[in-house]
Amino acid sequence: MSYFEAAYFAAWLILFLYVFYIERKLAVLGRDLNHLKEVVKREKS
Amino acid sequence: MKDRVTRRLLGMASFIGIFISLYTVFRAPLDKNLGIVQKIFYIHFPVAIVPYFAFFVVFVCSILYLKTRDRKWDKIAYASAEIGLVIDTALLVTGTIFNKPTWGVWWVWEPRITTSLIMWLLYAGYLMLHFSVGDIERRPRLTAVFGIVAFISVPISFMSIRWWRTAHPLIFTPAKIALGEALDMQMWIPTLIFLASMTLFYVYLLGQRVNMINLQEEIQDLKDEIGG
Chain A
1 MSYFEAAYFA
11 AWLILFLYVF
21 YIERKLAVLG
31 RDLNHLKEVV
41 KREKS
Chain B
1 MKDRVTRRLL
11 GMASFIGIFI
21 SLYTVFRAPL
31 DKNLGIVQKI
41 FYIHFPVAIV
51 PYFAFFVVFV
61 CSILYLKTRD
71 RKWDKIAYAS
81 AEIGLVIDTA
91 LLVTGTIFNK
101 PTWGVWWVWE
111 PRITTSLIMW
121 LLYAGYLMLH
131 FSVGDIERRP
141 RLTAVFGIVA
151 FISVPISFMS
161 IRWWRTAHPL
171 IFTPAKIALG
181 EALDMQMWIP
191 TLIFLASMTL
201 FYVYLLGQRV
211 NMINLQEEIQ
221 DLKDEIGG
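Protein chains in written order, with our numbering: chain A, 1 to 45; chain B, 1 to 228.
Honestly, the hints are just simulated from the structure, not real lab data. These numbers were taken from a predicted model, which means no experiment stands behind them. Some hints could be false.
Think about it this way: if two alpha-carbon atoms lie no more than 20 Å apart in a straight line, the pair counts; the simulated DMTMM-like pairs of lysine to aspartate or glutamate are [said to hold, decoys possible]: (1) B:K2 x A:E23; (2) B:K223 x A:E5; (3) B:K72 x B:E218; (4) A:K44 x B:E110.
The task is simple: from the sequences and hints, build the whole structure.
Take a look at the structure:
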């Protein structure tokens with residue numbers, strides 16, 4: 001791997017891992033929020 | 001709903017921008033002296049500038065938090081510091097890889113690299129402070145003060161190659177730009193497109209990260225409601 005390829009690969013790896021972390025976490029949080037809203041609604045009714 | 005659509009559109013626009021940037025990098029001419037290694041500059045430059053902007057946002061939002069005590073500013077400051085630190089990590093990595101073929105060594109303790117590392121450590125400290133203070137009332141106040149003080153590292157890092165003798169090249173000076181010596185016209189295009197795409201990418205990440213903090217708080221409130 002050349003220095004050029006290594007630099008681009010390393011930079012995008014760092015940035016895309018972070019994007020993956022954010023998107024994954026947002027999906028999980030969205031699911032948790034919907035579940036909790038259901039629980040609250042059931043408890044109130 | 002409208003916010004969500006805006007964030008998705010921003011995400012799509014920034015990814016398209018990045019692909020266009022990569023295309024312009026491949027189309028850019030080869031440097032006479034450095035060859036293909038010079039093309040590392042096109043990614044190294046935006047990942048150097050965007051963290052400065054991100055840390056400036058931390059600075060401004062920290063001041064606004066201390067002035068208004070509105071939690072919104074604390075959330076934006078924290079999100080911006082985290083994103084700035086991630087992009088700054090990419091800067092240090094690309095810089096290290098750029099050093100080897102151009103200077104013959106991976107790391108040199110010269111002013112720009114050293115001040116960039118200090119800046120990285122300071123904002124890593126900002127995040128550690130955020131995690132270590134449990135008191136939800138004190139935490140925003142302490143991190144806001146730290147966010148203001150840590151910003152000192154940004155102008156020092158930016159000006160380091162102007163203030164001290166260093167091996168780091170100084171490409172963008174008003175005189176060089178006026179004389180057209182800063183960059184070849186064909187090299188300006190990928191540089192500016194990459195910078196615009198990376199800024200858009202930062203804005204998209206900021207929106208997503210603030211949204212994540214809001215969701216976490218909403219979940220905590222619902223948990224408290226169920227628990228109580």
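Tested hints:
{"no.": "1", "hint": "B:K2 x A:E23", "in the structure": "holds, 18 Å"}
{"no.": "2", "hint": "B:K223 x A:E5", "in the structure": "violated, 47 Å"}
{"no.": "3", "hint": "B:K72 x B:E218", "in the structure": "holds, 14 Å"}
{"no.": "4", "hint": "A:K44 x B:E110", "in the structure": "violated, 64 Å"}
Violation of the numbered hints given earlier is confined to hints 2 and 4; the remaining hints are satisfied by the structure.
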